[in-house]
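2 protein chains.
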Amino acid sequence: MNSANSAPHVVIIGGGFGGLQAALGLRRANVRVTLLDRNNHHLFQPLLYQVATAGLSPGDIAAPIRAILAHQKHTEVFLAEVVGINKEIREVTFMDLTSEAERTITYDYLVIATGARHSYFGRDEWEEFAPGLKSIADATEIRKRTLLAFEAAELESDDARRAIDLTFLLVGAGPTGVEMAGSIAEMAHREFTGNFRHFDPAQAKIILVELGPRVLPAFPEELSQKAQSDLEKLGVSVRTSTRVEAIDADGATMNGERLRARTIIWCAGVEASPAAKWLGVEADRAGRVFVDEKLSLAGHTEIFVIGDTASAKNRDGKQLPGVAPVAIQQGRYVARVLKARVAGKPFEERFRYFNKGDLATIGRSKAVLKLGAIKLSGWIAWVAGLFVHLFYLIGFRNRILVIMQWAWAYFTYQRGVRLIVVDSHEHAASGAKQKSPPVGGLS
Amino acid sequence: MNSANSAPHVVIIGGGFGGLQAALGLRRANVRVTLLDRNNHHLFQPLLYQVATAGLSPGDIAAPIRAILAHQKHTEVFLAEVVGINKEIREVTFMDLTSEAERTITYDYLVIATGARHSYFGRDEWEEFAPGLKSIADATEIRKRTLLAFEAAELESDDARRAIDLTFLLVGAGPTGVEMAGSIAEMAHREFTGNFRHFDPAQAKIILVELGPRVLPAFPEELSQKAQSDLEKLGVSVRTSTRVEAIDADGATMNGERLRARTIIWCAGVEASPAAKWLGVEADRAGRVFVDEKLSLAGHTEIFVIGDTASAKNRDGKQLPGVAPVAIQQGRYVARVLKARVAGKPFEERFRYFNKGDLATIGRSKAVLKLGAIKLSGWIAWVAGLFVHLFYLIGFRNRILVIMQWAWAYFTYQRGVRLIVVDSHEHAASGAKQKSPPVGGLS
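Chains as they are written, first to last, in my numbering: chain Z, 6 to 448; chain E, 6 to 448.
Just so you know, these hints were derived from the structure itself, not from any lab.
Careful: at least some of the hints might be erroneous.
As the list makes no split between identical chains, a pair holds if one copy fits it or if it spans any two.
Said to hold, decoys possible - Computed list of lysine-lysine pairs in DSS-like fashion (alpha-carbon distance at most 30 angstroms, straight line): (1) 361 / 210; (2) 78 / 344; (3) 318 / 361; (4) 344 / 299; (5) 139 / 149; (6) 78 / 149.
Given the structure is predicted, the values throughout are model-derived calculations rather than measurements.
For reference, chain Z alone in the conformation it holds in the complex (with noise of 0.2 angstroms):
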């Protein structure tokens, strides 16, 4: 799949914040590009929670990789899914996601950014139960199990029941878990008052469990029981010091105690893709490849990993976390060393992270921020991050909406996405139901 032009072919694989930050800061360089991703869409995977909680539309976090990159003429895009690397031909095999067959492509450099996904650490027999939030399509499921519980509990009769239609169990008290909680609290507090005639939304018991001993563990304490407190605010049970032990499709096992749920999260540990496997190197336990000051894997200058498949150390000799910054720096960093060795110049700067500060949101209006030696917390942290995701919103459409519906759901306390979605494919899984009638409305 190679052109004749003969400068150095670059292979990214993954169109994330690292991806497209290494093929954008490529735009000027002497060298043709290939990107590959499995989706054709960069997702801004910070605000996936809202997709999950029915805030924003899932094209509204989402723009296409290849119109993104539509004017560098020397980078092409790919719907692939990689399934291996040859490191010593230079070759990358991947399936070609609109036909399915096995095609290859060598590289001069290739660039892995293939990101992370939720882990259930062994038990993956969980995810059934209580699926993660990575994908929009996992955000559409997340937002149909949400959804339907409440819809659920109006069709029941029985309280003891409904009181389980309506318990939201969520598990792992990082940003997302914070997020997700916040924003389901609201949901049944506020927005979904004088919706339903059976039962009182405000009932919903939204409960966060958390296995450290206090939320957003990665925020100074200050912050995190600022954040504790605004949970609780919002009607959301906070659990800290919390072993999950058991998940099934009845509820879940914490600290020996049996909780009945209809709906679980799963907010808690990420897992790298599996470049390890196909580089054939050794990988941390979060199966993140190790790599050196120039994020380049030992003894191959021509192959970087960066952002969340990435094991990296800041110059502190920290572990660098899995978040967008530090996959944007390093997609960065990662075009400045090509561009540098395609034109024969030395380069002999080691990446280094710039940490500008962290951001949790809670519900409506309420955030906690960490900037530098700055901690904010409530109506103006909320303000300053909104500015922060806006930002770093790819394109400028997508900016316009998301304040659009932002502002929409701020003065109305109204979301405006709540769509349960019953996919074609269900209908066609089940034998009893592939036969049945369409019925409803305009369906």
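Start from chain Z and add chain E according to the hints.
Showing chain E alone in chain Z's frame:
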């Protein structure tokens, strides 16, 4: 599931245009209302083609039914799929879609507004290869297929196979077929310009076939001609008097001739929901239930059938068309009949349809519009059509968002929602894929 309240109980099946207007019309009536729909949202179906062609998000053209009816305290909404009706004991049996359990509900008055679905005229095996467009799941499926075709062309190195990837066949040249063909042509000829490296998207062949002698058969002949010439200017190849004889994975046979095409979209006939079967009554050829001049079932003045499910005649003896304005006016009419009935007042007025006009949009800034004796085409018809759509779009928020997105698309030639979402069910469905590791950016 009945409350103790002794007011007459009106059960409405379907929250589309007809059912929703019936419910809203009973706002101040001394009744209890139960609305059943198998979706939680009212769908603005006339703009569904925009979702299928990546112009709008599903959330922009859908609004939660229970939010629309939140202020009507005597109205409850259930997420339910009707499976049967017993006219003698006045009971509806439905499946509770949150638990898959069967439940029953009794009524004093019943309004059936369950719409229609596309019909393959007995060739249901064609659906797999040529999906139709009635639900949000249909629209996102067509969006996925259309976008995937261009992705496949980018990965294809054989010119002949690429030409098949880039062939789009639309069957049926009613408003949906015309609007879809125009939208896909604009995508290919304008919005995708510069997005691909291995082919020119303007090479795409968009073919619109129609069994009858002209496009838009329900419009005046003059407007049909105008629409056809507008489509041809956009690059659509129109084939009238053409019968589709076979459809398979590889293409279609039409008038004895074989056409190879990767993407086929069904925009032809519709078939009513199975209300006639539930009621145990005769149906017309399209499966619609015959109703009298007050939209009631013969011998059952307590049962009303409206919208696409009803076979009703206008005063001039002509069959009423299956369009949104008919359903809306019928829903309002039934609410008035019921209000008079429960108040013990006489009501002799028969239903009469007031045709405000017909509209078909042909891509960016072209349309044909018939408004009484006035026939418009071109830009002015398009602007008029914009206001007609916006006027009927439920919810202020949706109106603003749709204006914003249209303005964006109009001034930038960019579609906002080019999302290919590979849902978790597809992965689960294929054994080989189920265990495949997650790859690709922030997937």
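Is it within, between, both or neither when you check residue 78 against residue 149 at 30 angstroms Cα-Cα?
-> Classified as between; 25 angstroms across copies, 40 angstroms inside a copy.
Quick one: residue 318 to residue 361, C-alpha cut-off 30 angstroms, is that within a copy, between copies, both, or neither?
-> within (17 angstroms within a copy, 68 angstroms between copies)
Quick one: residue 344 to residue 299, C-alpha cut-off 30 angstroms, is that within a copy, between copies, both, or neither?
-> within (14 angstroms within a copy, 76 angstroms between copies)
Checking residue 139 and residue 149: alpha-carbon separation at most 30 angstroms within a copy, between copies, both or neither?
-> Answer is both: 15 angstroms inside a copy and 20 angstroms across each meet the 30 angstroms cutoff.
Is it within, between, both, or neither for residue 361 and residue 210, if the alpha carbons may be no more than 30 angstroms apart?
-> neither (35 angstroms within a copy, 50 angstroms between copies)
Evaluate residue 78 and residue 344 at a C-alpha cut-off of 30 angstroms and name the case that applies: within, between, both or neither.
-> For residue 78 and residue 344, the Cα distance is within 30 angstroms only inside one copy (17 angstroms; across copies 66 angstroms).
When each numbered hint is compared with the structure, a violation occurs for hint 1 only.
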